[in-house]
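**Q** In order, the protein sequence lines correspond to chains A and B. The numbers in numbering that gives the first Met the number 0 rise by one with no breaks, and the one at position 175 of the first sequence is 174. The numbers in numbering that gives the first Met the number 0 rise by one with no breaks, and the one at position 146 of the second sequence is 145.
Check before you lean on any hint, since a few could be wrong.
Which copy is meant is left open, because identical chains are indistinguishable; a pair holds if it fits in one copy or across any two.
In the DSSO-like style, the derived pairs of lysine-lysine whose C-alpha atoms are separated by at most 27 Å in a straight line are [claimed, not checked]:
(1) 34 - 100
(2) 126 - 100
(3) 100 - 29
Everything labelled a hint here was simulated from the structure, so no lab data went into it.
Okay, here's what each chain looks like letter by letter:
2 protein chains.
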Amino acid sequence: MGGAELENLIGLFSRLPGLGPRSARRIVLKLLREKEHGLMPLADALRAAASSVRTCTVCGNLDSSDPCAICAEPLRELRICVVENVADLWALERAHVYRGKYHILGGTLSALSGRGPQDLAVAPLLKRLEEGGIEEIILALPATVEGAATAHYLTERLRRFSVLISRLAQGVPIGGAIEILDEGTLATALRGRT
Amino acid sequence: MGGAELENLIGLFSRLPGLGPRSARRIVLKLLREKEHGLMPLADALRAAASSVRTCTVCGNLDSSDPCAICAEPLRELRICVVENVADLWALERAHVYRGKYHILGGTLSALSGRGPQDLAVAPLLKRLEEGGIEEIILALPATVEGAATAHYLTERLRRFSVLISRLAQGVPIGGAIEILDEGTLATALRGRT
Chain A
0 MGGAELENLI GLFSRLPGLG PRSARRIVLK LLREKEHGLM PLADALRAAA
50 SSVRTCTVCG NLDSSDPCAI CAEPLRELRI CVVENVADLW ALERAHVYRG
100 KYHILGGTLS ALSGRGPQDL AVAPLLKRLE EGGIEEIILA LPATVEGAAT
150 AHYLTERLRR FSVLISRLAQ GVPIGGAIEI LDEGTLATAL RGRT
Chain B
0 MGGAELENLI GLFSRLPGLG PRSARRIVLK LLREKEHGLM PLADALRAAA
50 SSVRTCTVCG NLDSSDPCAI CAEPLRELRI CVVENVADLW ALERAHVYRG
100 KYHILGGTLS ALSGRGPQDL AVAPLLKRLE EGGIEEIILA LPATVEGAAT
150 AHYLTERLRR FSVLISRLAQ GVPIGGAIEI LDEGTLATAL RGRT
């Protein structure tokens, strides 16, 4: 029904995060209804992104320039915020609350998944610190067991540099209802009360 | 953040049905992580679909051949199931319960949206009937006021052909809980009890 090209296209869409066969069909039908304004621009944008977007060799961000626009910005503060992935970097940039640099770790340490320090961008981070000029490292890692283990490991490795090491505060999220919070968050929020 | 190409790509994805900025970012990051197995095949599939998929000049279905595979199938029964759009045709084909032909109307009559008979594929449907050989027309239009008005209009226009005209049965959907059904469905199901 619809030919091999259509079925292939629907199959590819249905494997994207958050999509399934039903939403993929809906998207493909809409794209085909608007070939000139929907389908072709998306195909072109995918190709443009594929050829232009690369991983920043300094911080690991995705950008059409290398070093990325953030690393190339001269007025960024002399701090490095260590995040797990690009999505976390983007979330912090969207919040407009941080004006320093970043470092993407590419994951967290995980005994379960067999991810050790050599699988993360730890060496490039140490290299950036050896080059000097950095005053603070903010560990913005997920508030999970693995995130905490990774932060602990990095703190040990960074100890030899004269750099301030901090972590994000933990507690009740803004707008978060107390009743739906897990015990861990509540305990942390209570302990850290101000 | 990420350059113009990335922002453009995220913008295009976020305008697709069912997606927003957050899901679009998640999809684009996943595609970029797997350029060779994610991004490029999708760009290629979009181009392939754009160049190969066309609207069947007989029934209005989307397919890489014209007439579409369904219209070209010699063993289809001499019935035409009239549906609003391609998604409805696909849903009926997936159900494997109908072995006839189709006709896509391209919408329903709507005084509110100013959609008259000339905006729908009514004339091509009449032409197919004039060519003869069709024994039944099944009006599989949405169970809405506009769907009913369209079915009523088509019934009038098809009266001059010696063809059986039927509609889909209405009632409680399989697996549907009685308590969540609207009054209209309940009334229809009660009236049509068997």
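**Q** Give a verdict on every hint.
**A** Tested hints:
In the homo-oligomer, the alpha carbons of residue 34 and residue 100 lie at most 27 Å apart only across protomers (26 Å), although the nearest pairing inside one protomer, at 41 Å, exceeds that limit. Taking the closest pair of Cα atoms, residue 126 and residue 100 come within 27 Å of each other only inside a single copy of the chain (15 Å); across copies the shortest separation is 67 Å, beyond that limit. In this homomeric assembly, residue 100 and residue 29 come within 27 Å of each other (Cα to Cα) only across copies, at 23 Å, whereas the closest approach inside a single copy is 40 Å.
Figure legend: structure checked against the earlier numbered hints; every hint is met.
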